[in-house]
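Enquirer: Residue-level listing of the chains:
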Amino acid sequence: MSAISEFGVILLSAVLVNNYVLTKFLGICPFLGVSGKTETAIGMSFAVMFVMTLASTASWLVQEYILIPLDLLYLQTIFFILIIATLVQFIEMMIHKVSPVLYQGLGIYLPLITTNCAVLGVALLNVQQENTFMTSALYGFGAAVGFALVLILFSGLRERMEGAPIPDAFKGSAVSLITAGMMSLAFLGFSGLVKV
Amino acid sequence: MEQLLYATLSLGAFALIAGIVLAIASKVFHIEGDPLSDKIDALLPQTQCGQCGFPGCRPYANAIASGEVDVNHCVPGGERTMLSIADLMGVEPKALEEEESVPVVAFVREDECIGCTLCIKACPVDAIIGAPKQYHTVIADHCTGCVLCLEPCPVDCIDMIQKPELLEHWSWPLPDTQRAQLGAERRESHHD
Amino acid sequence: MIKSLLNKLGFASAPFAGGITPDMCKWTENAAIEDCPLPPLFIVPIKQHIGQACSPLVQVGDLVLRGQKIAKSEGYLSVPIHAPTSGKVIKIEEHAIPHPSGMGLTSIFIEPDGKDERDTSLAGLDNWQTLDPAELRERVRLCGIAGLGGAAFPTFIKLLKDKRNPIETIILNGIECEPFLTNDHRLMVENSAEIVHGLQIIMHMVDAKKAIIAIEDNKLDAINAMQQALSSIGNDTISVASLPTRYPQGSEKQLIESLTGKQVPIGKLPMHAGVLCQNIATVKAINDAIMLGYAITDRIITVSGDAVPKPTNMRVRLGTPMRFIYAQRGLENFDGIQILHGGPMMGERMRHPDIPVVKSSTGLLAITDARIKPAHQVEDPCIRCGHCSEVCPISLVPNLLADHCRNDQLEKAADYDLFDCIECGACSYVCPSHIPLVHYFRYGKGQTAQVRREQSFAEVSRLRSEGRDARLQREKDEKAAKRRKVRDTLRSESVLNPDNDAKAKTSPTTKDKE
Amino acid sequence: MLIHLSSPHIHSGDSIRATMFAVILALIPAGIISVYLFGWLAVFLILLCMFGCMLTEFIALKWMGRSTAPVMDGSAALTGLLLALTLPASIPWWMALLGSVFAIGLGKQVYGGLGYNPFNPALSARIILLVSFPLQMTTWLIPMHLGMSAIDLYDFASAWQLFTLGASSLPHALDAITMASPLGHVKTEWSQGIGVSEALRAYDYSYLDAFIGRETGSLGETSALALLIGGIYLLARHTITWHIPFSFIATVAVLAAIASMIDPNHYTPPLFHMLAGGLILCAFFMATDPVSSPVTPVGQIVFGIGCGVITWCIRTWGGYPEGAMFAVVLMNCAVPLIDHYCRPTVYGKRGSES
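Protein chains in written order, with our numbering: chain A, 1 to 196; chain B, 197 to 388; chain C, 389 to 902; chain D, 903 to 1256.
Please note: incorrect hints may appear among the correct ones.
Stated by the list, open to error - Below, computed lysine-lysine pairings styled on DSS-like, alpha-carbon distance capped at 25 Å:
(1) A:K171 / D:K964
(2) C:K479 / C:K503
(3) C:K800 / B:K290
(4) B:K290 / A:K171
(5) A:K171 / C:K800
(6) C:K800 / B:K235
(7) B:K235 / A:K37
(8) B:K317 / C:K864
(9) A:K37 / C:K800
(10) A:K97 / B:K223
(11) C:K597 / C:K551
(12) B:K317 / C:K870
(13) C:K598 / C:K546
(14) A:K37 / B:K290
(15) B:K235 / C:K833
(16) D:K1251 / C:K656
(17) D:K1251 / C:K546
(18) D:K1251 / C:K650
(19) C:K867 / B:K329
(20) C:K549 / C:K650
(21) A:K97 / B:K235
(22) C:K833 / D:K1251
(23) B:K329 / C:K864
(24) D:K1251 / C:K800
Since the hints were made in silico from the structure, they are not lab data.
Construct the complete structure from the given sequences, taking the supplied hints into account.
Expert: Right under this line is the structure:
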């Protein structure tokens, strides 16, 4: 398989087939937390894309050039969390400067990207799958795009549900989770699309 | 032992690098002032009435921006102001502290006015004119209905009267149909 | 056949977007215009146009003549009001006007003396061809002419000859796409010569090269009448265009698109597209104002609807109460009947018949509750069928827009182009869920206007408050500076003369009290 | 009468009920074909699903204390009919009933009833069933006209037995009454290295039969002819517009044409794609469900193209042989965004930009 088509397969797999939110159920917290408004969701998507792509490349570098040579694999989680936390702090300051409204809109969920299990999950899976530098960057980016895709789609659906006379028992998280479940079922349609 | 040294050193070094990066970033992205409170201030009705417990609209805006107070203390702004601030801040709307009232303006019963100028001093928007020992009059177009002039008046000659409804300002109410009521219910549910 | 099939499949190429073809119910198209007798009392509101209200020129007890100016215009966007007949002013007070709010406006009550004498102070301008357009324009304003198509926009404003925006084409709007209404139709059949003459006058006024008389193809006799009137004067700069019947073709912007293929840009006027649109009845009124010196005191009104025993078209004096007009056509009991002022698509429902007709009154309909009910059913949820956006002549997405209005999301509504809506009602007409979309848009527009008023008021208040704070600060500073100065001088003085000390201390405090 | 009555004061007379019954009417030809293929079984399933949906709607509304009038507006009956037409004939009755409950309960009433469901209720239920019971949902009975089936479905009693007690109660082996669908057949053969044309020849595939509907599949998806008759009726009645069906089917056809030109041995030809599986049913009746599809014409075309691309991709490379219903539900997710970004150009904007 040529390099380009391999990259394509990795992207497709990370975005659609093995979507982190809908098939691996990682990153559910921001998925439910910041999907109330499309604008906020788009902001969050870019933030996560930034963090995830950089985190997966940085963690690959750390893994390859610090942890393995020094035989410190048991420090993997701490190192990765450190990387992610730094990146999140960085983007938090940046968003606060660039868009105070988005900063307010994201609220607590912005620093919580640190504990977004999808980010750590991507970093860990990357080293587990023994990806190369390029593929891990691509994988991180693809996973982030997949996260962004479903987050934005979901925010659109939730905005539409805003004015609906949803039965009291299902208002709020209940109907959101049902919708997410339905999206997850629909994404099952992509299963088997690429064999990785 | 050597292993432990490597671990400590590498982690320490890495943390140091991260710290330096963040320190530089915080310099680069340093923010002057608070753009958020400007935005909130623009949403407030500027009655300067002090019913929120702050000495005017700007201080209240600053307090909201810093997260010190809830968004539901502005009485004259009513529900719409509360909802738009809550929307801006990305917080859950809260019920208003007090019920909204009809818009009013102050009116001085001129035959009773003794011309003490106390109300003129109290008015936050300079909407009362008059000189010492002369009748005072409220400029109805500028009065915000803040009622701050009632208290200082020694002879209680100021009334709050309902703002006259103008034909040009009339607007269609929501249709009195099924879903309009649902919408109203939904808005009411913010109150509980 | 093929065309109608294509139409149904949505392939049709249309002169303007959207549109509907409702049952036209033109029951009175063959009914000749009848004169409505004088009512026992006229009620003349001091504002009958878009713009600023007039201020009364007469007092209670004054005797007036027909066509005499009884209220003068205030501001630019305003035209004066004239007495509909000769008689006596018996009172000036607030009275209900044709407005959906049911609210009132200062009105002049005139009791006719039955002589119906005309004010002859304005002479005809037979030599209009040699006169300056500005002079003719002033005459149009003086005669109180406002758009008689229903909008009542002061006509003289549109007749401005502007070098930057030269008028190429005048469009004479004889579309009358509202169901039921036939007043323009009958006027074209009966007064075609005056209409053409009036058209020539305004062509002279704005120096237009050509004019098109636009008539829908369901008014063949009107098309014939206009063509005959044109051929009798042998004018080849004016043409008659027959357009397929479709609502809302009579809307100015849609008509311009139908005829020229051009759209009037958002925020611009037809004159920016080189077009001037005038209504049939308005042009007739201009002709009378120039040729006879007549101020506008009457207009043609279609009296129709399934609750009117004898529907017809009538020449009615402005200020005649609706109840009197209906009574002329045999309708006296209004139980179970809704009164509409204007056509059924854009007209407003009146709460009672004791309201006078004004310059914007194109029709008076009386519809039974049973017939009006389907249009005002309790709404079902929107099934998003999209019929509303198909028929919207502005290409809005009415169902989403209505959602935003309903939920008070006014900024979103503005983003969805709420303010481009012309409230033609096509969306509400086709909605299978009976959602009163236009009502929601009106609500949204009203709320937005309210918010804007509040915002500008808040802005003014803030400036005043800041000004006051600054003033107080300044006074404080000044006082402090003064005090400091006094203290300094006292200190230097007290060294010399200790007796002054006590006196000096009190002086600033007394000043403070003032 | 209300106090504030805004214009307009006349109405076209259109209603939700009329719309729903028009769609039900348009599905009658497909229903007839299903009875022709699967005998009484089709009748049982269609009635069960329609009844199940209406009953669920009634119970849900009653439970929530809302008016039960919407039960009779035809939308629940339509959902039931559509669901039944997407089910394989051999499905156990309780699964069909479960599907009806899912369709109305989870697909519609949870969101507040008619007009608020983001996903097509019938297809939501279909997907839930497919994921939950993959075997039963991909078992296809041999249609009656082939004369090869071991049971006679035109016989009320034996059809009833199969319907109530399931295939295991029959004396025959399952193989004796079931066969593969064309899409599934081609996919399985390819996985064993057999090319398209050969696989179709082995299947005894005929385009004419596929067009008329003389093949196996879900109840209502087999006959392109019957579905087209219904679809054209809806187009002529102006219940749906051409945008979604046309762009959906055309996209699949174009992609299939390009692919089969490149490698005719691997990729099936466009006509096969158009006639196979639930494409036409989905394009005319599922994707055009007004509630879960975009409002604006441009949005509808985007929606249709999206459905087409996903359908073809899943059919060609995916794990499932048929992707049309996944495609529609996936695109349903994107409808709010499509609606927001594909609004038509408002009058006068064109002019003001130039």
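Enquirer: For the pair we were handed, K317 (chain B) and K864 (chain C), check the Cα-Cα distance against 25 Å.
Expert: holds (14 Å)
Enquirer: Assess, step by step, whether the Cα of K800 (chain C) is no farther than 25 Å from the Cα of K235 (chain B), and give holds or violated.
Expert: holds (18 Å)
Enquirer: K1251 (chain D) and K656 (chain C): Cα distance at most 25 Å?
Expert: holds (11 Å)
Enquirer: Going straight from one Cα to the other, do K1251 (chain D) and K650 (chain C) come out at no more than 25 Å?
Expert: This hinted pair holds, its Cα atoms lying about 11 Å apart.
Enquirer: Given the hinted pair K97 (chain A) and K235 (chain B), is their alpha-carbon gap at most 25 Å?
Expert: Cα-Cα ~15 Å, so holds.
Enquirer: Straight-line Cα separation of K290 (chain B) and K171 (chain A) no greater than 25 Å?
Expert: Since the Cα atoms of K290 (chain B) and K171 (chain A) sit roughly 18 Å apart, the hinted pair holds (cutoff 25 Å).
Enquirer: Starting from K37 (chain A), check that the Cα of K800 (chain C) is at most 25 Å away, please.
Expert: Holds. K37 (chain A) to K800 (chain C) sits at ~13 Å (cutoff 25 Å).
Enquirer: With a cut-off of 25 Å on the C-alpha distance, tell me whether K549 (chain C) and K650 (chain C) pass.
Expert: holds (21 Å)
Enquirer: Could you grab the alpha-carbon distance between K171 (chain A) and K800 (chain C) and see if it respects the 25 Å cut-off?
Expert: holds (23 Å)
Enquirer: Take a quick look at whether K235 (chain B) and K833 (chain C) sit within 25 Å of each other, Cα to Cα.
Expert: OK: K235 (chain B) and K833 (chain C) at ~23 Å, within 25 Å.
Enquirer: Check whether the Cα positions of K171 (chain A) and K964 (chain D) lie no farther apart than 25 Å.
Expert: Distance ~18 Å between K171 (chain A) and K964 (chain D) Cα, so the pair holds.
Enquirer: What's the verdict on K97 (chain A) and K223 (chain B), does the C-alpha distance respect the 25 Å limit or exceed it?
Expert: holds (11 Å)
Violation of the numbered hints given earlier is absent; every hint is satisfied by the structure.
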